[in-house]
Amino acid sequence: YEALLLDEERGRLFAGAQNHLLSLALDDISRWDRKIYWPAPVEWREECNWAGKDITAECMNFVKILHSYNRTHLYACGTGAFHPVCAFVEAG
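Under my numbering, think of the first position of the sequence shown as 2, with each following residue one higher.
Hints may be right or wrong, so weigh each one.
[Claimed, not checked] Keeping only pairs whose Cα atoms sit at most 35 angstroms apart, straight-line, the calculated DSBU-like set for lysine-lysine is:
#	residue 1	residue 2
1	36	65
2	54	65
3	36	54
[As the list claims (entries may be wrong)] Label-pair ranges, simulated between beta-carbon atoms:
#	residue 1	residue 2	range
4	3	72	18 to 26 angstroms
5	89	30	23 to 31 angstroms
6	43	12	34 to 42 angstroms
7	53	31	33 to 41 angstroms
8	2	86	12 to 20 angstroms
9	38	11	16 to 24 angstroms
10	50	10	36 to 44 angstroms
11	35	66	16 to 24 angstroms
12	59	27	31 to 39 angstroms
13	87	51	21 to 29 angstroms
14	34	70	16 to 24 angstroms
15	31	68	18 to 26 angstroms
16	12	53	39 to 47 angstroms
Hints are computed from structural coordinates only; laboratory data are not their basis.
Where is the CB? At the ideal position from N, CA and C, for every residue including glycine.
All chains should be modelled from the sequences, with the hints used to inform the complete structure.
Written out as C-alpha cells, the structure is:
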C-alpha cells in the first residue's frame, strides 16, 4: 500500500493502492468494508503508454496521499497515470 491513514475515531484504516482506496475495520483489517475503484481514465493511460511507459505497471492511478478532511470526507490524491488527480471521498 502506498498511503495509509489511521482513523481511530471511526475505527478504520484507510489504505491507498493501485486503482483502489480501501476502508478496513481496525478490529479485523483482513475485512474490507469498502473498496472504491479509482482508475485513471483510459485516455490518460493511453497517453502514458505513448510516452513510453508500461501500460500495465506504470500507467495506473497509484493513490499516494490520504488526508482526513473533515468528519465525513477524506482528501485523496493519486498519480492518475502521470496526470495527478485529487478528490474528496466520503469516509462513511
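**Message:** Of the numbered hints stated earlier in the document, which are not met by this structure?
**Reply:** No numbers; nothing is violated.
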